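Top line first, the protein sequences correspond to chains A and B. Its first residue numbered 1, the first sequence is counted upward by one per residue in my numbering. Its first residue numbered 1, the second sequence is counted upward by one per residue in my numbering.
Worth flagging that the hints you see were computed from the coordinates, not collected in a lab. From a predicted model like this one, the values you see are computed outputs, not experimental measurements. Glycine included, every Cβ here is placed at the ideal spot set by N, Cα and C. The reader is advised that the hints may include incorrect statements.
[Claimed, not checked] Label pairs and their computed distance ranges (CB to CB):
1) A:PRO137 x B:ASP195: 32 to 40 Å
2) B:HIS168 x A:GLU197: 49 to 57 Å
3) B:GLU197 x A:ARG226: 47 to 55 Å
4) A:LYS6 x B:SER65: 38 to 46 Å
Below are the chains, spelled out letter by letter.
2 protein chains.
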Amino acid sequence: MSTPEKAVVLLSGGMDSATCLAIARASGHDCHALSFRYGQRHAAELNAAREIAVALGACEHRVLSLDLASLGGSALTDRRIPVPEDSGAGGIPVTYVPARNTIFLAFALGLAEVVGARYIYAGVNAVDYSGYPDCRPEYIAAFQALAKLATKQAVEGQAIEIVTPLIHLSKAEIVRRGIELGVDYARTVSCYQADAEGRACGRCDACRLRAAGFAAAGVADPTRYRAAD
Amino acid sequence: MSTPEKAVVLLSGGMDSATCLAIARASGHDCHALSFRYGQRHAAELNAAREIAVALGACEHRVLSLDLASLGGSALTDRRIPVPEDSGAGGIPVTYVPARNTIFLAFALGLAEVVGARYIYAGVNAVDYSGYPDCRPEYIAAFQALAKLATKQAVEGQAIEIVTPLIHLSKAEIVRRGIELGVDYARTVSCYQADAEGRACGRCDACRLRAAGFAAAGVADPTRYRAAD
Numbered sequence: 001m002s003t004p005e006k007a008v009v010l011l012s013g014g015m016d017s018a019t020c021l022a023i024a025r026a027s028g029h030d031c032h033a034l035s036f037r038y039g040q041r042h043a044a045e046l047n048a049a050r051e052i053a054v055a056l057g058a059c060e061h062r063v064l065s066l067d068l069a070s071l072g073g074s075a076l077t078d079r080r081i082p083v084p085e086d087s088g089a090g091g092i093p094v095t096y097v098p099a100r101n102t103i104f105l106a107f108a109l110g111l112a113e114v115v116g117a118r119y120i121y122a123g124v125n126a127v128d129y130s131g132y133p134d135c136r137p138e139y140i141a142a143f144q145a146l147a148k149l150a151t152k153q154a155v156e157g158q159a160i161e162i163v164t165p166l167i168h169l170s171k172a173e174i175v176r177r178g179i180e181l182g183v184d185y186a187r188t189v190s191c192y193q194a195d196a197e198g199r200a201c202g203r204c205d206a207c208r209l210r211a212a213g214f215a216a217a218g219v220a221d222p223t224r225y226r227a228a229d
Numbered sequence: 001m002s003t004p005e006k007a008v009v010l011l012s013g014g015m016d017s018a019t020c021l022a023i024a025r026a027s028g029h030d031c032h033a034l035s036f037r038y039g040q041r042h043a044a045e046l047n048a049a050r051e052i053a054v055a056l057g058a059c060e061h062r063v064l065s066l067d068l069a070s071l072g073g074s075a076l077t078d079r080r081i082p083v084p085e086d087s088g089a090g091g092i093p094v095t096y097v098p099a100r101n102t103i104f105l106a107f108a109l110g111l112a113e114v115v116g117a118r119y120i121y122a123g124v125n126a127v128d129y130s131g132y133p134d135c136r137p138e139y140i141a142a143f144q145a146l147a148k149l150a151t152k153q154a155v156e157g158q159a160i161e162i163v164t165p166l167i168h169l170s171k172a173e174i175v176r177r178g179i180e181l182g183v184d185y186a187r188t189v190s191c192y193q194a195d196a197e198g199r200a201c202g203r204c205d206a207c208r209l210r211a212a213g214f215a216a217a218g219v220a221d222p223t224r225y226r227a228a229d
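Just need the whole structure built from these sequences, with the hints factored in.
Right under this line is the structure:
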């Protein structure tokens, strides 16, 4: 048997990244899960990420602290901007965090370089993607081109590959794939304003997309919702 | 008179980034200087950056804290790896910090998006570049391509431009250009192992490149060196 290849997996603690980790594990990789404490309102995500990393057999889980809140400009990190409960279909919502995926992928690249990983898995999704520019396939392709030039390994002939297995899946397809692979979605937290115990509001964009995904997949929604205010 | 356009300027506190800020100011931009506290050994750089930002008239100076030390893998952030005093010409030196420029540029992109800057200035240099993969022109071109897709402004038709005015200059040319623009190089700190007062060792790669630059420019070296051990 050959040695498993290493992968860095971006793990937010939400349903997409948990499914992505399950897929990376099912592909036989030793997975280095990577999460960020970035001043997000929904820090319950990080507790979820910790549990998911263990449940899905990641070989390590690193949580890096980032000062995204000092940049400002997003409802997810700036408490002065309210989280919208129905941003509708138009434009880029205020929950967009400036350059977030670029920053996260940049750190993943650094970790991949340090641990000698050949792959970076990211659970970005272009179907139900909430209108974020850095979830589009052309954005990921551009980051892949950058990764081919950015690292010591790349210079020495071994480029790091960005893998986005969910990019063309609907939320319902993500749910079905995750359930096949044993993801316990009750542990995952998607809500933009989850409480300290990870209970969801049921009203923000992330909650709506998630609930619609379970409904479309014909799966009972295991999300823990908090009592209505 | 038209309103000055805004630029984010990566400012490490070394001679290249100080020169880069001077060039951005001379181009008429309102400059948002951006530095990082990333576990570098040479934290005296940040004091230098603060002084330089004021001296060159930046409109603000932000210092973001990053957890690069948790990634490990570099002599600049990992105290178990000694800083080499003559790494010679071959290969990528241990002072290379994995994905550092990708991470720094990603944060600059986020700040540019938040403040509405049209330009990001970075003092990368491909001539005396110490063999870092992320200082090469093709790397910068790839980041430019990414920036065209990554942000809200880009989606709305206004891409952020990455400007690297030093990329093809020798250290001597950088020194001459900076002196023309009034950069006080005595304030800048380049040494990988500067002491708390910013005094240089005179022996590491960064010191050697810097001293050679002043010599080649025919300019007295204003660097404050510490007494030999």
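Quick rundown of the hints versus the structure:
1. A:PRO137 x B:ASP195: 32 to 40 Å: violated, 49 Å
2. B:HIS168 x A:GLU197: 49 to 57 Å: holds, 56 Å
3. B:GLU197 x A:ARG226: 47 to 55 Å: holds, 54 Å
4. A:LYS6 x B:SER65: 38 to 46 Å: Taking Cβ atoms as reference, LYS6 (chain A) and SER65 (chain B) lie about 28 Å apart, which means the hint is violated.
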